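Which chain is which? The protein sequence lines are A and B, in order. 1 is the number of the first residue of the first sequence in my numbering; add one for each residue after it. 1 is the number of the first residue of the second sequence in my numbering; add one for each residue after it.
Treat the hints with care, since some could be wrong.
To be verified - Derived DSSO-like pairs (lysine-lysine); straight-line CA-CA distance at most 27 angstroms: (1) Lys-240(A) x Lys-157(B); (2) Lys-189(B) x Lys-3(B); (3) Lys-111(B) x Lys-235(A); (4) Lys-189(B) x Lys-157(B); (5) Lys-173(B) x Lys-234(B); (6) Lys-235(A) x Lys-70(B); (7) Lys-63(A) x Lys-73(A); (8) Lys-111(B) x Lys-157(B); (9) Lys-33(B) x Lys-235(A); (10) Lys-323(A) x Lys-133(B); (11) Lys-157(B) x Lys-173(B); (12) Lys-189(B) x Lys-235(A); (13) Lys-30(A) x Lys-109(A); (14) Lys-235(A) x Lys-32(B); (15) Lys-73(A) x Lys-90(A); (16) Lys-133(B) x Lys-235(A); (17) Lys-109(A) x Lys-73(A); (18) Lys-111(B) x Lys-189(B); (19) Lys-56(A) x Lys-30(A); (20) Lys-29(A) x Lys-109(A); (21) Lys-133(B) x Lys-240(A); (22) Lys-29(A) x Lys-73(A); (23) Lys-235(A) x Lys-157(B); (24) Lys-109(A) x Lys-56(A); (25) Lys-73(A) x Lys-30(A); (26) Lys-235(A) x Lys-3(B); (27) Lys-32(B) x Lys-189(B); (28) Lys-29(A) x Lys-56(A); (29) Lys-323(A) x Lys-240(A); (30) Lys-189(B) x Lys-70(B); (31) Lys-56(A) x Lys-73(A); (32) Lys-32(B) x Lys-133(B); (33) Lys-240(A) x Lys-111(B); (34) Lys-234(B) x Lys-189(B).
As the list claims (entries may be wrong) - Here are some chain B residues pointing at chain A (derived, C-beta under 7 angstroms): (35) Gly-19; (36) Gly-76; (37) Pro-77; (38) Cys-87; (39) Trp-91; (40) Gly-101.
Just so you know, these hints were derived from the structure itself, not from any lab. Quantities reported herein were computed from a predicted structural model and do not represent experimental measurements. For every residue, glycine included, the Cβ atom is placed at its ideal position computed from N, Cα and C.
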Amino acid sequence: MNKFKFDWLILPVVGVLIILAAWHIVGGKKVYSLTTGMAELGTTVAALPEGEAQWKALAPKLKSGEIEATETKRLRPDVWEAISSSFEEKRIGLIPDLPNVVETWDSSKPYIVDPWAKRGEMDQGILRFTWYSLVLVAQGYAIALIIGVPVGFFLGLSPTFTKMFDPLIQVLRPVSPLAWLPLGLVLFMRAGPEAGTYAALFTIALCGMWPTVLNTAVGVRAVPQDYLNVGRVLKLSRWKMLTKILIPATLPYMFTGFRLSLGIAWLAIVAAEMLTGRPGAGGFLWQEYNALIYEHIIFSILTIGIVGLILDRLMSLVEARFKAIS
Amino acid sequence: MSKFLEISQLVKTFPTPKGPLTVVRDFDLGVKKGEFITLIGHSGCGKSTVLSMVAGLTESSSGGIILAGKEVVGAGPDRGVVFQAPCLLPWFTAFENVMLGVDQAYYTASKLERRQIAEYYLTIVGLGDAMDKRPGELSQGMRQRCGIARAFALSPKMLLLDEPFGMLDSLTKYELQDVLLDLWQRDQKTALMVTHDVDEALYLSDRVVMMTDGPEATVGDILEINFPRPRTRKQLLEDPEYYRLREYLLHFLNERSHHRPARVNQAAPVLVNA
Numbered sequence: 001m002n003k004f005k006f007d008w009l010i011l012p013v014v015g016v017l018i019i020l021a022a023w024h025i026v027g028g029k030k031v032y033s034l035t036t037g038m039a040e041l042g043t044t045v046a047a048l049p050e051g052e053a054q055w056k057a058l059a060p061k062l063k064s065g066e067i068e069a070t071e072t073k074r075l076r077p078d079v080w081e082a083i084s085s086s087f088e089e090k091r092i093g094l095i096p097d098l099p100n101v102v103e104t105w106d107s108s109k110p111y112i113v114d115p116w117a118k119r120g121e122m123d124q125g126i127l128r129f130t131w132y133s134l135v136l137v138a139q140g141y142a143i144a145l146i147i148g149v150p151v152g153f154f155l156g157l158s159p160t161f162t163k164m165f166d167p168l169i170q171v172l173r174p175v176s177p178l179a180w181l182p183l184g185l186v187l188f189m190r191a192g193p194e195a196g197t198y199a200a201l202f203t204i205a206l207c208g209m210w211p212t213v214l215n216t217a218v219g220v221r222a223v224p225q226d227y228l229n230v231g232r233v234l235k236l237s238r239w240k241m242l243t244k245i246l247i248p249a250t251l252p253y254m255f256t257g258f259r260l261s262l263g264i265a266w267l268a269i270v271a272a273e274m275l276t277g278r279p280g281a282g283g284f285l286w287q288e289y290n291a292l293i294y295e296h297i298i299f300s301i302l303t304i305g306i307v308g309l310i311l312d313r314l315m316s317l318v319e320a321r322f323k324a325i326s
Numbered sequence: 001m002s003k004f005l006e007i008s009q010l011v012k013t014f015p016t017p018k019g020p021l022t023v024v025r026d027f028d029l030g031v032k033k034g035e036f037i038t039l040i041g042h043s044g045c046g047k048s049t050v051l052s053m054v055a056g057l058t059e060s061s062s063g064g065i066i067l068a069g070k071e072v073v074g075a076g077p078d079r080g081v082v083f084q085a086p087c088l089l090p091w092f093t094a095f096e097n098v099m100l101g102v103d104q105a106y107y108t109a110s111k112l113e114r115r116q117i118a119e120y121y122l123t124i125v126g127l128g129d130a131m132d133k134r135p136g137e138l139s140q141g142m143r144q145r146c147g148i149a150r151a152f153a154l155s156p157k158m159l160l161l162d163e164p165f166g167m168l169d170s171l172t173k174y175e176l177q178d179v180l181l182d183l184w185q186r187d188q189k190t191a192l193m194v195t196h197d198v199d200e201a202l203y204l205s206d207r208v209v210m211m212t213d214g215p216e217a218t219v220g221d222i223l224e225i226n227f228p229r230p231r232t233r234k235q236l237l238e239d240p241e242y243y244r245l246r247e248y249l250l251h252f253l254n255e256r257s258h259h260r261p262a263r264v265n266q267a268a269p270v271l272v273n274a
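If we strip away everything but chain A, and leave its shape as in the complex, we get:
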C-alpha cells in the first residue's frame, strides 16, 4: 500500500515540481527600474503622511535602482501611486518574456475560480471555453467515426478496395490539421457565417478519421478464421455474419482506433480554433498571444493537455471493457 502511493502519487508530484522549478528558473520576471534620482524619490515619499517611516522601509530595496513587481504590491497603495511614475517597467531573467510560475498563476486565477464566467466573447471562464471546444470536437469526431468505420470495413474486407485507396490514405494521413483548414475554409467559403465552423468540422473529421479507418481495417483482417468458419458452417446471412461475428470481433480494434482518433480530433480543434478565431480553448490561446498576455498561452496549453489526458483516459476505460470480452 505504501509502495503503491509512493509510485503513483508521490513520484508524479515530484516530477511536476521539478518541471515547475525549472520553468520558474528559466522564466523572467517583471521589475520596475528607477528613472529619476534617489533623493528626488525620497522627498516625494517623505511628503506623504508618515512618509519618513515609509521611506526608511523602501530605500534599502532600491539600492540597485530596481524593485520587483511583487514587492510593489506590499507597499502602501498611496506610496506606490505617488512614486510609480518615476519607474519604468522591464523584464529580466534567462528568457525575460516567458512568464514565471507565479505570474502565470496570478493571471490565470480568474479563469479558474470562476470557470463558467462569461465576461465577453474572448474573455470567459476556462470550463466554458473547454465546453465550446468539446462540443465542436464531438461533432467532428462523430463525423469521423460515421465515415471511418465503414471505410475501415471495406478496407478490411476487400483487397481490391485496399489496393485502390490505401496508397491515397497513406498520403493524406500525415497531413497536419493546419494544412487542411485553409482548404476547408475554401470549400465552405460560400456557406455563409457558419463557414468557419464547417471548415473546423471538416478538418477535425478528416484528421481524426485515419486511426479509426486503419485500426478497423486491421481488426477486420485479424478476425480469427475459426470464427468465420463458424459463420460458414451455420450459413449465416451476410447481415448476420457482419453483426454477430465481424463487428463484435473487430470492436476491440475499433475502440483502439476511436481512442487515437479522439486524440487527433482534440489536436485538430486547437488548430481549427486558432485559425478561425472561434471562442474555445485554442481560440483563447491565439487571442491572448495577439493580446500579448503570455501567461494565458501557458495556461491554455496546460488546459488543452489536461483535457486531452482526461479524454484519453475515459476512452481507455471503454476500450478496456471491450478488450476484456473478446
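Using the hints provided, position chain B relative to the given structure of chain A.
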C-alpha cells in the same frame, strides 16, 4: 448397401511456392447411416483436410462427396462441425452460441421452441447451470461441451468432429467421450471424427479408417469394431479383443502407414479380426 455419405476419388492439392502439393489423393470412403467412423493417422497426414472438405470449408481439387443423395457444395448447417478449439464466439453466452445455430437450422420454429431446443442440448451436455456464462468464464472442457451442444442442436444430417478432445486433459476427455456417445445414440446421427488417439477411436467407432502418411495420403486400411453398444470403458478394457485391435492399429501407425498401398482402388483390405 446404400451409402449415406459417399466420398469418391477425393483429391486435394495446395499450391505452394515450390509447386503444387497433393495432400490427399484418391480417397474413397462409404459411410452407412448412423455409423460412427473415425479417421486416424499421423499429424499432418491430411485427415483434417478430408474432414474439412466434407464440411465444405475447404474445396476439393477433384473427386466427389455425396451426402444423403446430394453433392456437397460449400458449408451448411446440415453438417454439424465440432472443431478442435471449441470456436465459441466470446461475446456470446453459451446459450447464445447454441442459439446462433438453432436460429439458422430451425428458422420456421417459434422463438420458444428454438429456446427449448438450445436449452435441451445444453442441459444434456451438462451445461444446464452455465448457459448464461461467456466462454471466458468456462473451462476448456465446458467450452467443448458447448461446442458439442451447438453441433447437435443444428439437428444435422451428419456430425463432423475434428480432434474435438485433442486439447483436453485425459479425465475431461473421458467424460466428454461419454457425453458424445450418449448424444450420438439418442439422436442416431452419422458421425465422422478425426483423431490420433487409438483408444478414443476404439471406444467410439464402428469402423476405424486408417490413413497413410501424406503427401498423397489415402485410406490405408479399415478396421471394424464390433463391440456391443452401449459400450462401457470397463467392459472394453476387460475384453482381450480390445488389445488385439489396439495392437493392430498401433502396428499400422508405426509401420504400415508409411507406405501407400500398392494398388489404390481395390476392394477393402482383408482384416485380421474376423
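Hint-by-hint comparison with the structure:
The suggested pairing of Lys-240(A) with Lys-157(B) holds, with an alpha-carbon distance near 23 angstroms, which does not exceed 27 angstroms. For the proposed pair Lys-189(B) and Lys-3(B), the alpha carbon gap of about 14 angstroms is at most 27 angstroms, so the pair holds. Restraint check for Lys-111(B) and Lys-235(A): the C-alpha separation of about 19 angstroms stays at or below 27 angstroms, so the hint holds. Only pairs whose Cα atoms come within 27 angstroms are accepted, and Lys-189(B) paired with Lys-157(B) is accepted, the gap being roughly 7 angstroms.
With a C-alpha separation of about 16 angstroms, the suggested pair Lys-173(B) and Lys-234(B) falls inside the 27 angstroms cut-off, and the hint holds. With a C-alpha separation of about 17 angstroms, the suggested pairing of Lys-235(A) with Lys-70(B) holds against the 27 angstroms cut-off. For the suggested pair Lys-63(A) and Lys-73(A), the alpha carbons sit about 18 angstroms apart, so the restraint of at most 27 angstroms is met. Our distance criterion of 27 angstroms between C-alpha atoms is met by Lys-111(B) and Lys-157(B), whose separation comes to about 23 angstroms.
A C-alpha spacing of about 24 angstroms is found between Lys-33(B) and Lys-235(A), which places the hinted pair at or below 27 angstroms, so the restraint holds. Taking the CA atoms of Lys-323(A) and Lys-133(B), the gap is about 17 angstroms. The hint holds against a cut of 27 angstroms. A threshold of 27 angstroms between alpha carbons decides the hint, and for Lys-157(B) with Lys-173(B) the separation of about 25 angstroms falls inside it, so the pair holds. For the given pair, Lys-189(B) sits about 20 angstroms from Lys-235(A) by alpha-carbon distance, which is consistent with the 27 angstroms threshold.
Among the hinted pairs, Lys-30(A) with Lys-109(A) is consistent with the structure: their alpha-carbon atoms are about 18 angstroms apart, no more than 27 angstroms. Of the pairs offered as hints, the one joining Lys-235(A) and Lys-32(B) holds, with about 26 angstroms between alpha carbons and a cut-off of 27 angstroms not exceeded. Of the supplied pair hints, the one linking Lys-73(A) and Lys-90(A) holds, its CA atoms being roughly 16 angstroms apart against a limit of 27 angstroms. Restraint check for Lys-133(B) and Lys-235(A): the C-alpha separation of about 25 angstroms stays at or below 27 angstroms, so the hint holds.
Straight-line distance between C-alpha atoms of Lys-109(A) and Lys-73(A) comes to about 17 angstroms, which keeps the hinted pair within the 27 angstroms bound. In summary, the hint linking Lys-111(B) to Lys-189(B) is supported, as the alpha carbons are separated by about 25 angstroms, within the 27 angstroms threshold. Annotation: proposed proximity of Lys-56(A) to Lys-30(A) holds, straight-line Cα distance about 23 angstroms (limit 27 angstroms). Between Lys-29(A) and Lys-109(A) the CA atoms are separated by roughly 18 angstroms; this keeps the pair inside 27 angstroms, and the hint holds.
Restraint check for Lys-133(B) and Lys-240(A): satisfied, since their Cα atoms lie roughly 22 angstroms apart, inside the 27 angstroms limit. Restraint check: the Cα-Cα separation between Lys-29(A) and Lys-73(A) comes to about 14 angstroms, which is no more than 27 angstroms; the hinted pair holds. The suggested pairing of Lys-235(A) with Lys-157(B) holds, with an alpha-carbon distance near 15 angstroms, which does not exceed 27 angstroms. Taking the CA atoms of Lys-109(A) and Lys-56(A), the gap is near 34 angstroms; set against the 27 angstroms cutoff, the hint is violated.
Taken as a hint, the Lys-73(A) and Lys-30(A) pair is honoured in the structure, with Cα atoms around 12 angstroms apart against an allowance of 27 angstroms. For the hint pairing Lys-235(A) with Lys-3(B), the CA-to-CA distance comes to about 25 angstroms; that is within 27 angstroms, so the pair holds. Restraint check for Lys-32(B) and Lys-189(B): satisfied, since their Cα atoms lie roughly 10 angstroms apart, inside the 27 angstroms limit. Between Lys-29(A) and Lys-56(A) the alpha-carbon distance is near 25 angstroms, which keeps this suggested pair within the 27 angstroms criterion.
Restraint check for Lys-323(A) and Lys-240(A): satisfied, since their Cα atoms lie roughly 22 angstroms apart, inside the 27 angstroms limit. For the suggested pair Lys-189(B) and Lys-70(B), the alpha carbons sit about 17 angstroms apart, so the restraint of at most 27 angstroms is met. Between the alpha carbons of Lys-56(A) and Lys-73(A) the distance comes to roughly 17 angstroms, so the proposed pair stays at or under 27 angstroms and holds. The hinted pair formed by Lys-32(B) and Lys-133(B) fails the criterion: a straight-line CA distance of about 38 angstroms is larger than 27 angstroms.
Taking the CA atoms of Lys-240(A) and Lys-111(B), the gap is about 17 angstroms. The hint holds against a cut of 27 angstroms. A C-alpha spacing of about 24 angstroms is found between Lys-234(B) and Lys-189(B), which places the hinted pair at or below 27 angstroms, so the restraint holds. Annotation: Gly-19(B) was flagged as interfacial toward chain A, and the flag is violated, the nearest CB pair being 24 angstroms apart, outside 7 angstroms. Against a cut-off of 7 angstroms between C-beta atoms, the interface hint on Gly-76(B) holds, since the closest Cβ of chain A lies about 5 angstroms away.
Annotation: interface hint on Pro-77(B) holds; nearest CB of chain A at approximately 5 angstroms, less than 7 angstroms. Interface hint status for Cys-87(B): upheld, as the beta-carbon distance to the closest one in chain A is roughly 4 angstroms, under 7 angstroms. Look at Trp-91(B): its Cβ gets to within about 4 angstroms of chain A, closer than 7 angstroms, so that hint holds up. For Gly-101(B), the shortest C-beta to C-beta distance to chain A is roughly 5 angstroms, which falls under 7 angstroms, so the interface hint holds.
Checked against the numbered hints above, the structure violates hints 24, 32, 35; every other hint is satisfied.
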